[in-house]
Structure formats: C-alpha cells, structure tokens
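**Q** From first to last, the protein sequence lines are chains U and G. For the first sequence, the residue numbers in full-length UniProt numbering are 1 to 288. For the second sequence, the residue numbers in full-length UniProt numbering are 1 to 288.
One or more hints might be untrue.
If several chains are the same, the list does not tell them apart, and a pair holds so long as it fits within one copy or across any two.
[To be verified] Below, simulated SDA-like cross-link-like pairs (lysine to any residue); rule was C-alpha separation at most 25 Å, straight line:
1. Lys153 - Arg253
2. Lys198 - Ala172
3. Lys2 - Ser54
4. Lys198 - Glu250
5. Lys255 - Glu240
Treat the hints as calculated values from the structure; they're not laboratory data.
2 protein chains.
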Amino acid sequence: MKIGIIGVGLIGGSFARDLKRVLPDAEIFGMDNNPDHLKTALELGIIDSAGKGSSLAEAEIVFLAIPVDAAVRELPSLLNTVGDETLVIDAGSTKSLICAVVSNHPKRRNFMACHPIAGTEFSGPRAALEGLYEGKTNIICEVEKTAFKLQEKALDLFSRIGMRIRYMNPEAHDKHIAYVSHLSHISSFMLGKTVIEKEKNERDIFDMAGSGFESTVRLAKSSPAMWTPIFEQNRENVLETLREYIQNLEAFRKKLADDDMEGIYREMEDTNKIREILKGIPLNKKEA
Amino acid sequence: MKIGIIGVGLIGGSFARDLKRVLPDAEIFGMDNNPDHLKTALELGIIDSAGKGSSLAEAEIVFLAIPVDAAVRELPSLLNTVGDETLVIDAGSTKSLICAVVSNHPKRRNFMACHPIAGTEFSGPRAALEGLYEGKTNIICEVEKTAFKLQEKALDLFSRIGMRIRYMNPEAHDKHIAYVSHLSHISSFMLGKTVIEKEKNERDIFDMAGSGFESTVRLAKSSPAMWTPIFEQNRENVLETLREYIQNLEAFRKKLADDDMEGIYREMEDTNKIREILKGIPLNKKEA
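This is chain U alone, in the form it adopts within the complex:
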C-alpha cells in the first residue's frame, strides 16, 4: 500500500510514524515544499522516499498536513491529481473554508475533512512523535460527503492508531475550537508578550518564573506560520472569544480595583470546576 504524506512536519510526520507501526508494509512517500524538512524526514526514517507528482495518482491514502491557507489553496488541484480510489485526509485546525472550497469538486467523495486534536508547541519533522494520536479525539466533518468505502478505510486506520472519533459540522467545529484551542494560544502569546516587554529592563524577572508560568506560556512557542492562517480563517469566532475573554479579565480587574475580595474568591471558586472537566481530556503521556 502506497501512502503519501504532504507536509512532513509535526502533524504529518507523527501520522507517518503511527502508520509505520500499524501498517508495517505501507510504502510511505513524503512531499514538502521545504527541502530540508524532506531530507530530515528521510534521514529520520519517517518516510521511505520523496514523492513526485506522479506518486499521488498511485497512492491509496494521501494525508495533507500543511498550514490551513496552503491546504485551502492546494486541495482542489490535489484532488484533480489523485487516483479515483484515493482517500485524501486533511488535518487542519479550521474546517469551514476547506469544506467550502471542495463542496462542488467532482472528487469531493475522495476527501475526508478531519481535525485530529493533537500536537505540541514544536514543529518540523524532528518534532514528530510516535503515538501522538493515541487516545486523542479526531473530529470528522461532513462525513456523509465521503464515499462509503473510503469512510470505512479511514475509520479502520484511525481505530488502529487509537483515535476516538467525533462527528461535527464544519461551522460548529470552528466555533467550538475557537474556545478550547485558538483562544488558549492567543492568551498564551499575549502573556508571553506582556512579560517579555517588562523584561526588557528587568532581566532578572525570568529567574523568578516557575512551572506555573512555563505551563501557561508554553503555547507561545508555537509556529506563527501555522497559526496566522488559522486565526485568519476563523476570524469571526476568534474575535468573539477574545471579546468575551477580555470582558472577563476587565471584570476581574474591576473587582480587584474595588477591593471586592469576596467577588474575586467566588470567580476563582466557580472556575475551579475546570478540575472535573479536565479529568475527561485525554492526554498524551509524553506531554502530560
């Protein structure tokens, strides 16, 4: 079985590593517009060969793991190029636009729109981890638009890799993911920015930082090339979550300014229920 990985970074590379484990006979070729990444992926044994345009027609499965602006641009012509029986899976963090650009494509039934909720703050093939997807949620959008046989093939693969499946429409996906993923990244980036700005004059400040700071600011290490197009494609939802987040921060600040310490206590106590909620989130052992 020939499998193509387009984009051999953290997401594509980790998927390739899991494929090698569950399908030891698969022949995995990689494609990447960064020749260094392709070379590294070959050296690390993540892929077996570098693919050519003609490889796509022969592939049984193609996994598209590139930034969401590039994915939206490339997917229609990719579908033109692949074989009639090829399954094309994407892994983008936004789903409305990608589903829209192929909605009338003659090969729409070859495509399955996915968002595996997995990753780390690192990027590139060296960041690829075997087992990254184990126990993680994979959100599939508009499943009914994928050919039934290709659905079966994809679900069998996801099940072997150990992913949990959830079905959602693209609009609901984009709205909810803005809260539990996109907002976290912005809050983390802006926290990092606020502290770095202060640090310009006060270099000692980071010597005082503990694991709490490290944890809240971890996502500020993430790739701008990956995240800028995500925020662009999900702008309306992200603007709304940011409005609500800023409003909550303003309200907290006002309570503190007014010396309403009972109010401050209650805000935190109410939010403590996140403890119970978080117990339900599957975590990769390597990241926990």
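Based on the hints, put chain G in the right spot on chain U.
**A** Positioned in the frame of chain U, the structure of chain G alone reads:
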C-alpha cells in the same frame, strides 16, 4: 532537632518531606487549623506529631506555610512565642506586607522572609511531594535583617534541599512576581471561566479540548483561599500587569479585526523568543 511546620498543605507538607530526607533525625511537629489536614499529614508520615503552643518555644526551626493573609496576622505573635534561637521561615508569595508587619518586632532577627518558587495547582497534605523544592529558586528578602547565625542555618538547609538562592528587596519581589506568577494565574482562571460560560449550552466543547488547553488552564485549578489574599496584598502590581495584558489582547484583537495578518504574524514571531527564555527555567521532573 525539633522542627515545626505551621500549615501542613502542599507547601509545608512538601518542605517536611524534604526535611525528613536531608535531616533524618529531625523531629517534625505540625500545626494546622484544619484538623483533617493535620490527621492526614500524620497518617501519611509527613509529620511525626501534632504540635502544641508550647512546642514552638522548643523548636529550632519553624516553617510558616499558610495563606498570606493569615501569615501577616499570625507572624508577630508567632515570633513572641518561639525561643530566642528559633529560626522562623515563611513561604508566602507576597513579601512587602509580611516584612512590614515585623519590621520593628523585637524578634525580627529570628525571621527570614522567603518565597520558594515551587508548587503545583493542587493543595492540602495529599498534594505534598518529596523533591518539590529541588533545583527551584528560593527568593530571600531583607536577608540582612536576619541574625547571621540563623542565616547560616537556613542557607545550609536550603542548600541540602537543593534550592538556588536569590536575594531581593520585598518591593522588587512583589512587582516582578506579579508578572511571572500572579498574572499567569489570572489569565488561566479567566480562560477557564470564558470556556465554562460557553460550555453551559454546549457540553460537547470539552470533548474537543487537547493538551494545549489543559496546559493553559491548569492554574485555574488553584486554591481560591490561597490566591485571594495574594491578589489583595499585591493589588497595585497585579492591576498594572492586568492593564498591560488586556491592552496587548486588545491590540491583537484589533489587528485581527483589521485583517492585519502580517501584524499578527509578527506579534507571534516576536513572542517566540520565549522559547530561549524558558530554557532557563528549572522545572520539577514530576511537573515537566
């Protein structure tokens, strides 16, 4: 050697566990206004006995690990009660007020104002971890006000436990810690609140949360009883950090609303230097 731990929760309990390791002959008594915590600490072997008022006069070292409002209230009378040679160490996350309330105390020289930068989002004696303080920074304020022999004793103990020492004045401590600790907690609490508010109607949302959300929201599990008085005592600094943080979030939101994606990219790229900065932060293996 008799050692007293006042407050046998996460901070006091972890300190007791490290003491047992580096001073196996020490007799550790605990005091806590929560009888359940005292009972649990005894059962877990964190302390050897429950202390009485009279125990304090005989103690060589007393470690005060209670919420900062209680610490400010209790420290003067604690100093009245301890022996002439007793070393009293606190572990509060704010340092200005506690230093101020004992500045003219006849036993000021028995006291060392400390802030070990260590902890987790959990609390109580069951959260106490051996090795929590290993490799962590301990900030000592107004060291010159502690008797020289007691300084020596404290530094020897901290060195055996494996802590790095930094000296600072209380005002600088409170200003800087607002950025690298207090602000992180508020950003995390408000992130949790924003998502929980949305979740009222959309229970599915947490099924979509990954380890990135878990990481940024981890501190929202923290104890309101511990954090409310910290924010109260460090109000001016926390208000200032919140003002700057909200301003940065507003600016990011405006860039996104204006479709200034180059600006968004640059904001994230500039903040990526947090990668280098974080490499310098010592992390507890158990939390990393």
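**Q** Any hints this thing doesn't respect? Which numbers, in order?
**A** 1
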